[in-house]
Structures are given as structure tokens and as C-alpha cells.
Amino acid sequence: MTTIRSTPLVDDTAVPAKARLLPMEWSGFPGRWAGGVSLVAGPLLLGTGVLLRLPFHFFYPEQLAARVEHPGLIAASYGAFAAGTVLLWPALAALASRIGHRSPGLALWGGIFGVLGLFARTFHVGVDHLAFQLADRQGAEAATRFVGETYGAFHIFSALNLAIMGGWLLLAIGAWRARILGRVRALALAAAAALPLGVLKGTTPLSVVAVAGLCVALVPLGVTVLRDGPAPRRAAVLCWTAAVITALAVMTVAGRVG
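According to our numbering, the sequence shown is numbered sequentially starting from 56.
Where hints are given, some of them may not hold.
Label pairs and their calculated CB-CB ranges [said to hold, decoys possible]:
no. : residue 1 : residue 2 : range
1   : Thr296    : Arg200    : 42 to 48 Å
2   : Arg234    : Gly194    : 24 to 30 Å
3   : Pro116    : Val308    : 34 to 40 Å
4   : Ala130    : Arg232    : 39 to 45 Å
5   : Gln193    : Asp283    : 50 to 56 Å
Hints were generated in silico from the structure; no laboratory data involved.
Just so we're clear, the structure is a prediction, and the values are computed from it rather than from any experiment.
A virtual CB, placed ideally from N, CA and C, is assigned to each residue, including glycine.
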């Protein structure tokens, strides 16, 4: 009987860095670059979304009216908020990974609750988008009436409302106990739990405090994460930038096609 020997997989680490098209270092998931960029960009985008809707009243009738009167501004506000929400998941993964070295329990549950909370907020973003499309086509009054009639409808993500708040609190405690954040910045991270949840939520003073705390806690940490290692070569930066832009363009076109 003939024995067939399988060819071993090529070890990419044995290939010189200059010979790789897209050189990459492995520092755990989500990695230094994805985690660091998310820690910086996520809170800033979230804060941008909150501040752009600051001139308008908090409750949904005024948010829908603002959409009809200022469609570009409201689209930018809710778009930035949605992008920041999605970008925060690698940030939470990176933060939980660091906390886990000293406080694994808080890292595990804080990370799980935090990401589940982001899922719930992303669901709310989808409802916001549908309501805005209704306002664009049938007017703010019709959209307000429809949202008012369906506002309390049950959905499975309602069970995650406590996770939206609890995840930030657990991560703040874990980051302080693991000495990743000092007391002030840990309290700032905990303030993120005060960010209002639900659909078509405008900006309140608590919203501003919450996103400001998120920026104070996570943006400097993101800068630290990005600096925690060798700087990439210019060619690698250009290659990765081109690859990311191309991937985003292809996914956007494919998504529009359906």
C-alpha cells in the first residue's frame, strides 16, 4: 500500500517581510492595528453622531421632523453613530483581552455584555433607518404616527437592554482592577452606560457626558495600543490602505446590488 504524503502548509512567518504583499504581525485577536484604530475611531464617531443632533429635541417626533427639515445633517448624525457603534466591537475585544490577564471574569462577562449591547444598538439603528425612509416618503406626521403605534412592540433584542449598560460598568471595573485605566478614566468609561438606548434617540446632557467619557477612556488607550510595537513600513501602510479601500468599495457596490 502506497503512503501518500501531504505537502506541509507554507509557514508565512518564514517569508521575508519585504517579500510579502501585505505583511502582518499576529498579536492576538483583533490585533494591535484593528484594536487600536477601533479604540480611537469608535468613540470619536459616536461622539460626532451625538453632537450633530444636539440642536434637536430628544424625543422621536422631533427627530423625525428634523430628518425632513435637515435630511443631510440627520443622515450624517445617525450614520456616524451607527459606524461608531459597529467599530466599537474590536475596541471592546482589545480592551477585554488586556483586562483578562488580571481579571478574567470581568473581562469575559464585560466583553460579552458589551458586544451584545452593541448588537442591540445596531438593531436600533436599523429601526431608525426604516423610520427615516418613511418620513422621507410619507412625511414626518405619518412616520411619527407609525412609530408611536409600534414603539412598544416586542423584539428579541429587548432582552439586551441591560447588557447595553452593564457591559460598560463591568469593563470599567475590570480595567481599573487590572490597572489598565486609572480611577478617573475608569469612571469615565463607566459613564458610557448613561448613553440613552432605544430607537430615534436624540441628544441629552447625559449623552454628551457618556460619549465624552468614552473618548477620555478609550482614545488614549487606542494611541497606546497603536504605539505598542514597531512602526509599519511606508509600503505596508500604502498596501493595507489600498486593500481596505478596495474591499470597502467592492462590499458597498455588492451590497447595493443586493
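* **In rising order, the numbers of the hints this structure does not comply with** => Hint 2 alone not satisfied by this model.
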